[in-house]
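Engineer: Next come the chains, spelled out residue by residue.
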Amino acid sequence: MSTAQPHVPDVSIEDRLYTVKYRDAGESHLGVKDPDICVECTSNECTQVCPAAVWTVEEDSDGVPSIAYENCLECGTCRFGCPHDNVRWEYPKTGGGVVFKQG
Amino acid sequence: MSAQETNGSLQLPKMQSETPDYNDAYDAIIVGAGLAGTAAALTMAREGLDVLMLERGPAPGTKNVFGGVLYTPTIRELVDVDSAPTERYIAEKRFSMLTSDGDETAVSMRPGAWRDEPHNDSYTVLRRRFDEWFAKQAVETGATLITETTVTGLVRDGRKIVGVKTDRPDGEIRAPVVVLAEGANSLVSEGEGLKDRQEREAVAVSVKEVFKLDRETIDDRFRLDGDAGAAYNYFGEGAVGDAVGGGFVYTNKRSVSVGVAYRIEDAANGQTPEATLDAFESHPAVAPLIRGGRRIEYSAHVIPEGGAKAMPDLVHDGAVVVGDAAGLVLNSGVHLEGTNMAVESGYHAGKAIASALADGRSDEAALAAYPRDLKDSFVVENLRHYDWFQQTIADDRKFLFEDLPRALADAETEYFKMDRTAKDEHTDAARDRLLDAAGGWYGAAKRAWRYRRMLS
Numbered sequence: 001m002s003t004a005q006p007h008v009p010d011v012s013i014e015d016r017l018y019t020v021k022y023r024d025a026g027e028s029h030l031g032v033k034d035p036d037i038c039v040e041c042t043s044n045e046c047t048q049v050c051p052a053a054v055w056t057v058e059e060d061s062d063g064v065p066s067i068a069y070e071n072c073l074e075c076g077t078c079r080f081g082c083p084h085d086n087v088r089w090e091y092p093k094t095g096g097g098v099v100f101k102q103g
Numbered sequence: 001m002s003a004q005e006t007n008g009s010l011q012l013p014k015m016q017s018e019t020p021d022y023n024d025a026y027d028a029i030i031v032g033a034g035l036a037g038t039a040a041a042l043t044m045a046r047e048g049l050d051v052l053m054l055e056r057g058p059a060p061g062t063k064n065v066f067g068g069v070l071y072t073p074t075i076r077e078l079v080d081v082d083s084a085p086t087e088r089y090i091a092e093k094r095f096s097m098l099t100s101d102g103d104e105t106a107v108s109m110r111p112g113a114w115r116d117e118p119h120n121d122s123y124t125v126l127r128r129r130f131d132e133w134f135a136k137q138a139v140e141t142g143a144t145l146i147t148e149t150t151v152t153g154l155v156r157d158g159r160k161i162v163g164v165k166t167d168r169p170d171g172e173i174r175a176p177v178v179v180l181a182e183g184a185n186s187l188v189s190e191g192e193g194l195k196d197r198q199e200r201e202a203v204a205v206s207v208k209e210v211f212k213l214d215r216e217t218i219d220d221r222f223r224l225d226g227d228a229g230a231a232y233n234y235f236g237e238g239a240v241g242d243a244v245g246g247g248f249v250y251t252n253k254r255s256v257s258v259g260v261a262y263r264i265e266d267a268a269n270g271q272t273p274e275a276t277l278d279a280f281e282s283h284p285a286v287a288p289l290i291r292g293g294r295r296i297e298y299s300a301h302v303i304p305e306g307g308a309k310a311m312p313d314l315v316h317d318g319a320v321v322v323g324d325a326a327g328l329v330l331n332s333g334v335h336l337e338g339t340n341m342a343v344e345s346g347y348h349a350g351k352a353i354a355s356a357l358a359d360g361r362s363d364e365a366a367l368a369a370y371p372r373d374l375k376d377s378f379v380v381e382n383l384r385h386y387d388w389f390q391q392t393i394a395d396d397r398k399f400l401f402e403d404l405p406r407a408l409a410d411a412e413t414e415y416f417k418m419d420r421t422a423k424d425e426h427t428d429a430a431r432d433r434l435l436d437a438a439g440g441w442y443g444a445a446k447r448a449w450r451y452r453r454m455l456s
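Protein sequence lines, in the order shown, are assigned to chains A and D. With UniProt numbering, the residue at position 71 of the first sequence is 71, and numbering never jumps. With UniProt numbering, the residue at position 30 of the second sequence is 30, and numbering never jumps.
There could be a bad hint or two in this list.
[Said to hold, decoys possible] Simulated crosslink set (DSS-like; lysine-lysine; CA at most 27 angstroms straight-line):
(1) K212/D x K21/A
(2) K21/A x K253/D
(3) K375/D x K309/D
(4) K375/D x K160/D
(5) K165/D x K33/A
(6) K93/D x K212/D
(7) K136/D x K253/D
(8) K93/A x K165/D
(9) K136/D x K93/A
[Said to hold, decoys possible] Distance windows between CB atoms, simulated:
(10) T56/A x Q391/D: 32 to 38 angstroms
(11) R88/A x K309/D: 24 to 30 angstroms
(12) K398/D x T56/A: 18 to 24 angstroms
(13) E412/D x G26/A: 54 to 60 angstroms
(14) E59/A x R372/D: 54 to 60 angstroms
Treat the hints as calculated values from the structure; they're not laboratory data. These numbers come from a predicted model, not from an experiment. Glycine included, C-beta positions come from ideal geometry on N, C-alpha and C.
Make a model of the complete structure from these sequences and hints.
Structural biologist: This is the structure:
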């Protein structure tokens with residue numbers, strides 16, 4: 001057992017997403033099916049499970065998340081993560097969206 | 001942001017914006033040019049069929065992410081693996097238990113046989129490079145590839161599937177058979193009622209980063225030479241916190257892939273993927289391996305882990321489902337496989353389609369050889385064999401991921417403790433720590449029985 005942790009440089013989600021190449025499809029391929037379900041939802045799993053900070057629920061909003069679709073890694077986690085199956089998830093149009101160089 | 005493309009030299013045909021009439025020009029349409037789709041395309045092209053691969057990304061592999069190890073026995077049947085853009089062969093496998101206090105207990109193996117060709121058919125690859133190359137082999141064998149084209153639905157004639165709808169203008173294309181190789185996010189199969197959306201408990205999220213490092217640095221840090229590579233797998237609270245899953249570090253030629261994969265259920269309960277990755281990369285066992293590396297790509301993907309029970313119907317009138325879309329992923333804790341299963345399913349599907357079309361048929365009964373052959377293959381055998389595993393470890397998570405790694409660390413600290421106490425006393429104390437964690441002799445026996453199937 002040790003309390004000595006090695007130093008790892010701080011990295012923000014912006015730093016990470018900056019390494020990713022995208023082709024903007026111009027319109028969101030993500031959405032919510034029924035905003036009323038989001039208004040009722042207090043657990044906001046979409047904001048927890050997304051690795052790319054796509055989903056945020058502002059304090060002063062009605063509970064419907066704002067969606068930064070441009071950051072989407074197309075992993076699909078939100079699609080499964082929403083317990084109300086309320087995520088509208090499509091593939092971005094004509095090859096738009098994330099373009100992995102490594103994968 | 002770099003706009004650099006890794007394979008700029010590869011010229012592949014692209015569909016014109018005004019789609020020509022492709023109806024029934026092809027024997028089969030393959031949705032997705034990943035490993036399963038390309039394996040199916042290659043198999044059919046080799047049988048002399050005209051096949052069309054539709055890929056939604058600008059090139060094969062641009063939408064694909066995996067941890068990092070590709071197993072190639074079946075790929076070897078289809079193409080010349082020696083010319084494939086592999087990174088390193090796996091010369092070492094290492095399984096590590098990590099506690100959140102910074103302890104590591106590892107088992108490592110480097111069989112000499114793995115150094116010899118064909119290196120146990122295990123290689124690290126980067127999907128962008130590999131998938132593009134693999135698809136090119138299919139094109140050279142006679143398949144047609146069209147990129148930047150997304151399949152949005154299926155065309156039916158009554159019950160029978162007779163083609164696909166794409167997001168191209170006039171983008172409906174008809175063919176006798178459709179191969180759904182669309183991956184873990186199988187929107188077409190789900191939208192068309194060929195499979196149900198998986199429950200959250202049966203799907204994992206994985207996040208990964210690739211760190212650029214000098215070849216010599218990687219060789220030194222991982223004790224490698226030549227094309228030798230390492231596959232490190234990590235378990236325990238220090239790997240993925242209070243979640244069911246694990247972490248990994250794989251060596252590429254000039255980069256190292258680092259990531260975590262665990263149940264979306266656990267992420268939804270408050271353990272975010274990014275924080276989990278941060279903690280893993282900061283662990284004293286992992287941080288020195290990536291120190292000084294430059295982050296060159298962050299990626300994420302879901303992994304279907306439902307096992308044999310979650311497998312959808314693989315065959316329909318005029319269509320088959322292969323690869324991740326069919327849930328063909330094995331995570332037994334020790335064996336972490338999927339790409340080999342994807343290739344195997346594409347291969348068997350391709351064979352079955354060729355044989356059905358030779359009889360002028362494409363109905364469900366005529367394509368039944370595919371699910372039958374897959375059930376007889378290692379794919380479904382292995383899925384069935386380990387079906388118990390995911391639920392058992394989920395039920396036993398506190399012992400496996402928290403108590404056991406800590407008890408091992410405590411026991412080894414005790415066993416090797418340097419002081420003026422006799423070894424006997426340290427040995428007894430070390431054994432007691434392990435027995436305590438396992439619930440005494442009775443508990444240990446019960447657990448040994450529960451996990452006996454790992455070795456049976």
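Engineer: If a hint holds in the structure, say so; if it does not, say that too.
Structural biologist: These are the hints, each one checked on the structure:
1. Under the criterion of a C-alpha separation no larger than 27 angstroms, the hint pairing K212/D with K21/A is consistent with the structure, at around 17 angstroms.
2. The straight-line distance between the Cα atoms of K21/A and K253/D is roughly 22 angstroms, inside the 27 angstroms bound, and the hint therefore holds.
3. Proposed proximity of K375/D and K309/D is supported: the alpha carbons are some 13 angstroms apart, at most 27 angstroms.
4. Taking the CA atoms of K375/D and K160/D, the gap is about 24 angstroms. The hint holds against a cut of 27 angstroms.
5. Between K165/D and K33/A the alpha-carbon distance is near 23 angstroms, which keeps this suggested pair within the 27 angstroms criterion.
6. Restraint check for K93/D and K212/D: satisfied, since their Cα atoms lie roughly 21 angstroms apart, inside the 27 angstroms limit.
7. Between K136/D and K253/D the CA atoms are separated by roughly 22 angstroms; this keeps the pair inside 27 angstroms, and the hint holds.
8. Of the pairs offered as hints, the one joining K93/A and K165/D holds, with about 13 angstroms between alpha carbons and a cut-off of 27 angstroms not exceeded.
9. For the given pair, K136/D sits about 24 angstroms from K93/A by alpha-carbon distance, which is consistent with the 27 angstroms threshold.
10. At about 34 angstroms, the CB distance of T56/A to Q391/D agrees with the hint of 32 to 38 angstroms.
11. Distance hint check for R88/A and K309/D: the Cβ-Cβ separation is about 28 angstroms, which falls inside the suggested range of 24 to 30 angstroms.
12. Taking the beta carbon of each, K398/D and T56/A are about 32 angstroms apart, not inside 18 to 24 angstroms as hinted.
13. E412/D and G26/A have their C-beta atoms about 57 angstroms apart, which keeps the hinted 54 to 60 angstroms range intact.
14. The hinted window of 54 to 60 angstroms between E59/A and R372/D holds, with their beta carbons roughly 56 angstroms apart.
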